[in-house]
Each structure stands twice: as structure tokens, then as C-alpha cells.
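Number of protein chains: 2
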Amino acid sequence: MTNIKKLADDVRSGNIRSLAKAITLIESRSPDHTKAAAELLDNLLPDTENAIRIGISGVPGVGKSTFIEVFGMKLLQQGHKIAILAVDPSSQLSGGSILGDKTRMEELAREKNAFIRPSPAGTTLGGVARKTRETMLLCEAAGYDIIIVETVGVGQSEITVASMVDFFLLLQLANAGDELQGIKKGVMEIADAILINKAEGDNRPRAELARQQYVNALHLLTPKSYHWQVPALLCSALHNQGVDEVWQMILDFVATMKHHGEFVEKRRLQATDWMWTLVMDDLKELFLHDKNVAAMVDQIQTSVATGITTPSTASRRLLEAFKRH
Amino acid sequence: MTNIKKLADDVRSGNIRSLAKAITLIESRSPDHTKAAAELLDNLLPDTENAIRIGISGVPGVGKSTFIEVFGMKLLQQGHKIAILAVDPSSQLSGGSILGDKTRMEELAREKNAFIRPSPAGTTLGGVARKTRETMLLCEAAGYDIIIVETVGVGQSEITVASMVDFFLLLQLANAGDELQGIKKGVMEIADAILINKAEGDNRPRAELARQQYVNALHLLTPKSYHWQVPALLCSALHNQGVDEVWQMILDFVATMKHHGEFVEKRRLQATDWMWTLVMDDLKELFLHDKNVAAMVDQIQTSVATGITTPSTASRRLLEAFKRH
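Same order as they appear, the protein sequences are chains P and V.
Using this note's numbering, the first residue of the first sequence is number 135, and each one after it goes up by one.
Using this note's numbering, the first residue of the second sequence is number 135, and each one after it goes up by one.
Worth double-checking, as some hints may not be accurate.
It does not matter which identical chain is used: a pair holds within one copy or between any two.
[Unchecked claim] With a cut-off of at most 25 Å between alpha-carbon atoms, the simulated SDA-like pairs for lysine to any residue come out as follows: (1) K155 x M383; (2) K425 x D415; (3) K139 x L420; (4) K425 x L453; (5) K425 x D181; (6) K358 x F397; (7) K246 x A327; (8) K169 x T406; (9) K215 x Q375; (10) K418 x T168; (11) K457 x L420.
The set of hints was computed from the structure by calculation and includes no laboratory data.
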């Protein structure tokens with residue numbers, strides 16, 4: 135890891151092995167590697183930011199892999215280079231990942247202009263997201279001009295992915311025994327479009343009905359931007375129907391947001407929000423590893439749990455111990 | 135504020151003026167008062183924890199005031215002493231509060247065993263919540279055995295209130311042009327019961343239909359406790375129907391949770407979670423007021439926003455500046 139400048143140049147030249155090596159560096163937990171990774175990212179930062187970042191989410195079974203495969207092949211035909219990354223909360227538990235698996239996207243996996251990377255392992259969603267976000271920057275520096283970050287439709291991971299992309303696409307099914315699947319989790323508020331997949335054959339009328347329900351529900355929400363009414367579209371990834379329209383919609387979105395200055399503004403906010411998330415994470419680490427704090431934290435936590443000390447007093451004591459240096 | 139022990143004794147004796155004085159101390163922002171308030175809370179802590187803490191939420195117009203008035207009068211008749219507090223996010227913006235207003239609950243306001251306190255002003259929801267939570271403890275020490283914390287059905291404030299009570303009751307309307315009002319905000323996951331108010335007259339069949347929809351939707355959620363299936367009930371606060379059943383349900387809940395050890399366990403978790411929230415808030419304050427950090431934070435944030443520095447490097451530099459003491 136002595137020559138970061140050389141590695142940066144190799145990533146910039148689009149060399150796949152170097153990109154993989156750089157990602158390994160980002161994912162490493164060794165302190166030396168962390169420092170080298172930061173240096174690498176700083177070096178590459180001027181070459182990022184030219185890609186379009188697309189988040190894709192949906193529950194297992196919604197057809198994410200099929201959609202991304204068809205969508206990705208279309209983009210490749212148009213001359214794009216695409217990277218597919220994953221933020222998968224299950225990789226925290228299993229060490230493995232149900233997303234980003236190359237065998238799920240056989241066609242794409244064979245294409246030299248498509249780069250597929252499974253979700254990094256991590257002990258926290260924050261850790262997984264940090265690595266994915268930095269991997270995204272590496273891919274951009276390596277010349278991938280469309281980045282897809284996929285996640286599963288469960289809880290916080292969708293909000294995390296939405297905070298790192300330009301456009302967040304929510305895949306849904308019609309009539310999965312629960313018309314409200316997207317609504318009940320509050321994720322509709324963060325979607326830039328809702329796409330009802332498997333709108334094919336007998337399922338088409340139900341999909342159209344679901345689409346109308348989503349349109350109605352979307353009107354109840356405060357829009358994220360005054361310049362974008364979140365659409366609900368139909369698609370059949372399996373039969374390659376409605377996929378072109380998704381890409382056209384994303385291009386429209388990007389053009390509209392750029393026209394109104396919101397594209398750059400959103401990225402600025404995302405970057406500073408991200409900085410503050412990291413600061414708070416690192417600050418917490420610093421605090422928990424502080425010798426004085428570590429010596430008393432278990433006892434204080436127990437006395438709060440058992441009602442001997444108020445949370446306020448406990449907090450004040452811990453902070454005073456932390457400051458005592 | 136020299137004699138905290140005396141004030142604590144007066145609060146314990148149930149003196150209303152002393153309770154009001156103690157709350158003013160809690161709500162004060164002066165550092166001297168903060169210290170005295172902490173001392174007071176520590177003194178009173180052994181006398182808290184005997185009350186039942188009930189959170190009540192619902193959108194404006196759902197009939198919260200009417201319900202709390204009828205519900206509260208019933209509890210008073212049974213010999214309880216009740217305190218009604220509010221966590222109102224609007225009090226951050228307006229300085230005033232749309233909740234906890236005594237004129238909204240005319241009957242209760244005249245009762246000597248009912249204590250109504252409007253939402254404290256505060257610049258953040260965290261600040262408002264902190265004061266409300268500590269006021270709750272003061273009321274418990276003063277002998278109020280049922281605490282009602284009300285909030286409005288918008289965003290984070292419901293989650294905040296749920297984190298400080300034993301039982302969280304969500305009030306809903308049938309057919310308010312949106313059957314999904316409770317569902318779309320993800321708040322159903324935190325409710326211990328759903329109560330459809332205004333189930334009266336012509337509205338009754340619609341209320342019954344809505345109830346069935348909620349029951350169906352509730353079955354889709356992972357239960358918070360294996361020992362409690364969240365019920366959906368009907369009520370007409372205006373006509374005093376179904377209100378007794380709510381109290382009976384809460385008693386059942388408390389008995390069931392106590393039987394399985396979950397009642398105490400939940401309070402323990404709430405207390406330690408609360409401690410960590412305070413620690414993180416205070417740690418952030420300490421960080422932002424650090425001289426070295428304050429001297430560079432604006433410039434670093436700008437360089438992150440404009441893509442000159444990565445969030446990781448920015449975070450690392452800020453932390454290094456913080457540690458340089």
C-alpha cells in the first residue's frame with residue numbers, strides 16, 4: 135500500500151484489478167489501510183461526481199435482479215458503463231449477502247462494462263453504508279457513469295441508500311396480499327418513482343389498479359421537490375416492457391433537477407450529512423474507547439437501568455469523565 | 135435554588151406550587167438551574183416509577199382533547215391522580231403549543247387531582263422531549279399515578295413519546311379521505327392499541343370497516359411482544375362510549391407485561407436508551423463548542439459540499455482537531 139498515487143492512476147485508467155484492489159483497501163479494517171484508503175479517496179475525488187446514482191429497492195421476490203439485468207443491458211447497449219453495488223442489512227447477520235450476487239445477473243456478469251460488487255460485510259448498517267458509499271466514488275473515478283445501489287425493502291437500509299443516490303426507485307408488486315406494502319413502511323416518502331413490476335398477463339389489471347392506488351396515495355404526501363411529481367409506472371422486466379420508460383424518466387428527472395439547481399444542491403447536502411454521520415460515529419467510538427469512560431460505563435448503565443441514577447445525571451458523569459484529560 | 139432537599143420534600147408532599155416551581159427549574163436553560171435540576175431529579179428518583187405512563191397520539195381533529203377529558207374524568211372518579219403533559223413539535227416553531235392547553239380540557243382543568251402542563255418550548259424535539267420526560271418523573275414523585283403524554287400525529291414526535299411511556303395509544307378517524315393515515319407513517323409499528331374515535335351515528339359503519347382494515351394490517355406487522363396482539367377498538371369520546379374499555383385494556387396490558395417481566399424490562403431499556411441519547415447530544419455539544427473544532431468546521435463543511443474533501447477525511451480532520459488538547 136506504499137504507492138497510493140499509482141493505485142489512484144490505475145483506478146482512473148479503468149483497470150478492473152486495480153479497482154478491486156482499491157475496494158479491498160476501502161473494506162479493510164486495519165488502521166493503516168484506513169489511512170491509505172482516505173488518501174486514495176482524496177486523490178480520486180476530483181474524478182467522481184459525473185455519474186448518475188440510482189438507488190433501487192423492493193422486497194425479496196419483487197424481481198429486482200431481473201429488472202436490473204434488463205435495465206443494465208439496455209444501458210450497456212447505449213454505451214454506458216455501469217456499476218452495481220448493494221447495501222444489504224442481512225450481510226451484517228450472515229456475513230454473506232442476498233444482494234449483489236453475480237449469479238443473480240448472469241448476462242450482466244459476463245459484460246466487461248458492467249461491474250457487480252456484493253454488499254460488504256459489516257457489523258452495522260452504518261459500516262456497510264460507509265463502505266458502499268466510498269466504493270461508489272471509486273467506481274465513478276474508474277469511469278462507470280451509472281451507479282446502481284440496490285437494497286432490500288426492509289427498514290432503515292432504504293433510507294440509507296436514498297441518502298447516497300440521486301434517484302431512488304421503489305419496486306413494488308400488485309396485490310401481494312397487501313396493497314399497502316410500500317405505504318406502511320413510510321418508504322414512499324423517499325421514493326422518486328414507484329415501479330410496479332410483473333405487470334404482465336393476468337396480473338396486468340391488478341397492476342393497473344395498484345398503480346392507481348399508489349397515485350392516489352402519492353397525492354397525500356408532501357412532495358420532496360416542487361418540480362417533481364413522483365410517478366407510479368408499470369413494468370414487466372421479464373417481458374422487457376416498460377423498462378425504456380424508466381430510463382427516460384430518470385433522464386427527465388436529472389434534467390429537471392439540474393435545471394432548477396436541485397441536483398447539485400442535493401449532492402451537497404448528502405455530502406455534508408454524510409460528514410456529520412461519520413463525525414458522530416467516530417465521536418462515539420472515541421468516547422466509548424476513552425479509558426475513563428470505559429472504566430465506569432457498565433456500572434453507570436446498570437444504575438440507570440435499575441432506577442438508581444437518572445439518565446441526565448448518568449450522562450453528565452460520563453461526559454465529565456471524558457473531559458478529565 | 136439553594137435548598138433542593140426542601141423543594142424535593144415539598145414536591146413529594148404533593149404541593150402543586152412546589153411541583154410547578156420544580157418544573158420551571160427543569161425547563162430553565164441556565165447552567166446553575168440545570169445542575170440544581172439534576173440534583174432534584176436524583177433526590178426524587180426513588181419516588182418515581184409507580185405510575186402508569188400512557189402516550190396518546192393522533193392527527194389534529196381526531197378528538198384527542200375530548201377523549202382525554204372523558205378518559206381523565208373516569209380515572210379521577212376511580213381515585214387516581216393524573217398528570218397530562220405534551221410533546222408538541224409545533225412549540226419549537228411557534229413558541230406556543232397546540233397541545234396541553236388547559237382551555238381544551240375545561241372539566242379536567244378544574245379538578246384538583248388533575249395536573250395539566252403544556253408542552254415546554256424548545257429549539258429541538260430532543261430538548262422538548264428531555265424536559266417532558268423529566269417533568270413526568272417530577273409528577274410521579276408528586277403522587278400522580280397515571281401520566282398521559284400526548285402528541286400530534288406528525289413524524290418523529292410519536293416515536294419520541296413512545297420511547298418514554300409504557301403504553302402507546304394511537305387515535306384514528308374512520309374514512310378521513312384516507313384509510314391509511316396511520317399506516318403510511320410507519321407509526322402503527324409503535325402503537326400498543328389503535329382506537330378509532332368518533333364511531334357514532336352515521337359514522338359507525340365506516341368506523342367498523344376501518345377497524346377491520348386496521349386489524350388486517352396489524353396482522354402483517356411483526357408483533358412488538360409475543361404476549362400482546364395489538365387491538366383495534368372503536369370509541370365515541372363525545373358520547374362516552376368505549377372509553378371504559380380502553381382503561382380496562384390498558385390494565386390488561388400492564389398486568390400481562392408485568393406477568394412476563396416485560397414491563398420492567400421495557401422501562402430499563404427506555405432508561406438506558408435515554409441515557410445514550412443524552413450522552414450523544416451532550417457529546418455533540420461538547421464537540422461543536424470545542425475551540426479547535428469551531429475554528430475549522432465552516433471551512434471543512436464547505437470543502438465537503440463543494441467536493442474538495444471527502445466526508446471521511448473531513449470527519450477525521452475534525453476529530454483530530456478535537457483530540458488536540
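Quick rundown of the hints versus the structure:
In this assembly of identical chains, K155 and M383 lie within 25 Å of each other by CA distance neither inside one copy nor across copies; the values are 35 Å within and 60 Å between. For the identical chains of this complex, K425 and D415 are neighbours both inside a copy (18 Å) and across copies (20 Å), given an alpha-carbon limit of 25 Å. For the homomeric pair K139 and L420, neither the shortest alpha-carbon distance inside one copy (30 Å) nor that between copies (37 Å) is at most 25 Å. Proximity of K425 to L453 under the C-alpha cut-off of 25 Å is found in both arrangements, the shortest distances being 12 Å within a copy and 17 Å between copies.
Taking identical chains as interchangeable, the C-alpha atoms of K425 and D181 are never at most 25 Å apart, the minima being 41 Å within one chain and 34 Å between chains. In the homo-oligomer, the alpha carbons of K358 and F397 lie at most 25 Å apart inside one protomer (13 Å), although the nearest pairing across protomers, at 40 Å, exceeds that limit. With identical chains, the CA atoms of K246 and A327 are never at most 25 Å apart, being 29 Å at best within one copy and 55 Å at best between copies. With identical chains, the CA atoms of K169 and T406 are at most 25 Å apart within one copy only, with a shortest distance of 20 Å there and 34 Å across copies.
With identical chains, the CA atoms of K215 and Q375 are at most 25 Å apart within one copy only, with a shortest distance of 22 Å there and 65 Å across copies. Taking the closest pair of Cα atoms, K418 and T168 come within 25 Å of each other both inside a single copy (18 Å) and across two copies (24 Å). Within a single copy, K457 and L420 get their C-alpha atoms as close as 12 Å, and across copies as close as 9 Å, so both meet the 25 Å cut-off.
Checked against the numbered hints listed earlier, the structure breaks hints 1, 3, 5, 7; every other hint is satisfied.
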